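> With the numbering used here, you'll find the sequence shown wraps up at 240, consecutive numbering, no jumps.
Simulated from the structure, these hints should not be mistaken for lab results.
A portion of the hints provided could be inaccurate.
[Unchecked claim] Heads up, simulated EDC-like pairs for lysine to aspartate or glutamate below, C-alpha to C-alpha not over 20 Å straight-line: (1) K105 / D120; (2) K16 / E42; (3) K184 / E126; (4) K86 / E234; (5) K61 / E235.
Bear in mind the structure is a predicted one, so any value in this text is a computation, not a measurement.
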Amino acid sequence: MNIYEVPYGESIIKFKLERKNVKNINLNIKVNGDVIISANEEVPEEYIKDFVIKKASWIEKNIKYYKAHEQENLEKKELVSGETLKYLGRQYRLKVVESQSEYVKYFRGYIYLYVKDRNDYKRKEELLSEWYDYKCRKIFTDLYNEIYPVISKYNVSPVKINIRKMKTRWGSCITSKSTIILNKDLIKAPKYCIKYVILHELIHMIYNEHSKEFYDFLYIFMPDWEERKRILDEEIAMEL
1 MNIYEVPYGE
11 SIIKFKLERK
21 NVKNINLNIK
31 VNGDVIISAN
41 EEVPEEYIKD
51 FVIKKASWIE
61 KNIKYYKAHE
71 QENLEKKELV
81 SGETLKYLGR
91 QYRLKVVESQ
101 SEYVKYFRGY
111 IYLYVKDRND
121 YKRKEELLSE
131 WYDYKCRKIF
141 TDLYNEIYPV
151 ISKYNVSPVK
161 INIRKMKTRW
171 GSCITSKSTI
181 ILNKDLIKAP
191 KYCIKYVILH
201 ELIHMIYNEH
211 SKEFYDFLYI
221 FMPDWEERKR
231 ILDEEIAMEL
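Working from the sequences, and respecting the hints, build out all of it.
Pasting the structure below:
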């Protein structure tokens with residue numbers, strides 16, 4: 001990828017340019033602050049630079065946010081009552097309750113963590129991780145079952161869903177193994193955003209590259225996919 005610079009006020013915005021067979025100019029900011037632009041070969045460099053300048057205010061805002069919260073994002077939550085946890089696009093207050101039975105449930109704006117020793121951080125972390133894993137498997141599978149019948153009409157075989165933590169992707173696919181991989185953190189996003197990622201990866205079973213045909217197909221089945229992607233990249237990612 002080539003690196004370019006554009007002036008913005010008294011600062012300089014650097015971005016990496018990927019030439020891909022995509023329909024639109026795509027802008028992505030990584031958690032490390034790297035600005036990535038994807039565009040096809042026909043889009044002139046000056047046009048891309050103008051695009052970056054138009055987005056400069058938003059780019060700087062997000063880069064500053066990542067830098068300001070870099071240390072905060074690296075720090076673990078203490079898992080004590082009053083902290084907030086995100087689930088399916090909503091913020092829930094955590095309530096830690098001492099109990100002989102250990103489990104997690106959510107109810108009326110709260111996630112309740114029942115644990116024998118409220119000071120046992122490792123056990124609290126394990127219980128919450130197991131709960132999120134269970135919710136991921138159930139909800140991702142349910143949403144896949146809603147979306148797959150539409151795609152199955154295009155000779156797409158059923159796929160296996162793997163779930164794991166990923167730093168820079170919401171999803172990926174291995175077409176040779178009929179497998180899609182979903183980021184565990186998607187469970188913190190609204191269901192309509194999770195549906196977008198699942199559909200995106202299923203379409204890759206038909207079109208491996210981000211070609212014009214890929215995006216045409218995506219637009220047909222999800223005309224508002226760009227807004228769903230924006231929410232994931234701009235709102236959800238900033239809160240993880």
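> With reference to the structure, classify each hint as holding or not holding.
A quick look at each hint next to the structure:
1. About 18 Å separates the Cα atoms of K105 and D120, which keeps this hinted pair within 20 Å; it holds.
2. For the hint pairing K16 with E42, the CA-to-CA distance comes to about 17 Å; that is within 20 Å, so the pair holds.
3. A hinted pair counts as satisfied when its Cα atoms are at most 20 Å apart, and K184 with E126 qualifies at roughly 15 Å.
4. Restraint check for K86 and E234: satisfied, since their Cα atoms lie roughly 15 Å apart, inside the 20 Å limit.
5. Restraint check: the Cα-Cα separation between K61 and E235 comes to about 13 Å, which is no more than 20 Å; the hinted pair holds.
When the structure is compared with the earlier hints, no violation turns up for any of them.
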